[in-house]
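Asks: Working from the sequences, and respecting the hints, build out all of it.
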Amino acid sequence: MPEDETPLPPLLQLEGLGAYADLYPSLRARLKAIAASDDPAIRAKFTAIAAMAARAGRDREALLRETWRLTPAEARLAVHIGAGGGVADYAVLHGVAEGTVRTHLKAVFAKTGAHRQSDLVRLVAAAGR
1 MPEDETPLPP
11 LLQLEGLGAY
21 ADLYPSLRAR
31 LKAIAASDDP
41 AIRAKFTAIA
51 AMAARAGRDR
61 EALLRETWRL
71 TPAEARLAVH
81 IGAGGGVADY
91 AVLHGVAEGT
101 VRTHLKAVFA
111 KTGAHRQSDL
121 VRLVAAAGR
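Just so it is clear: in the sequence shown, position 55 is 55 by our numbering, and no numbers are missing.
These are calculated hints, taken from the structure and not from any lab test. Treat each hint with caution, since some may be false.
[Unchecked claim] If you anchor each label on the Cβ, the simulated ranges turn out as follows: (1) Asp59 / Arg102: 22 to 30 Å; (2) Gly99 / Ala44: 35 to 43 Å; (3) Glu66 / Ala29: 33 to 41 Å; (4) Lys32 / Ala110: 34 to 42 Å; (5) Ser118 / Asp38: 27 to 35 Å; (6) Lys45 / Pro25: 32 to 40 Å; (7) Thr100 / Arg65: 32 to 40 Å.
Note that CB positions come from ideal geometry on N, CA and C, so glycine has one too.
Replies: As structure tokens, this is what we get:
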């Protein structure tokens, strides 16, 4: 596995990182360098940002579970796809097979009425408003 595709430490596993990493190839290396920083101010800021992102993701997951009766895994996947992530990076991030992710995605499509990932992105975005 190339260096830039290795899973990030838990603090860095922000949803949608896969899409941003495609746009900004140096992103993973930069985030790893920030996480490894000895500067307490940088670490504190990074920890706060990661916590806010995680909280927002959990809130959106809860809303999706309530609205479409998604399981926790399905809601987590929907938020990931909604943030621009893909099936392959979700599988790596969560340590599951791509086939498993695709099975969950089919269930999300069935429950939400979405037919494509782009439809799901719009539904997730609308759920956050």
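Asks: For which of the previously enumerated hints does the structure constitute a violation, in increasing order of number?
Replies: 5, 6 and 7
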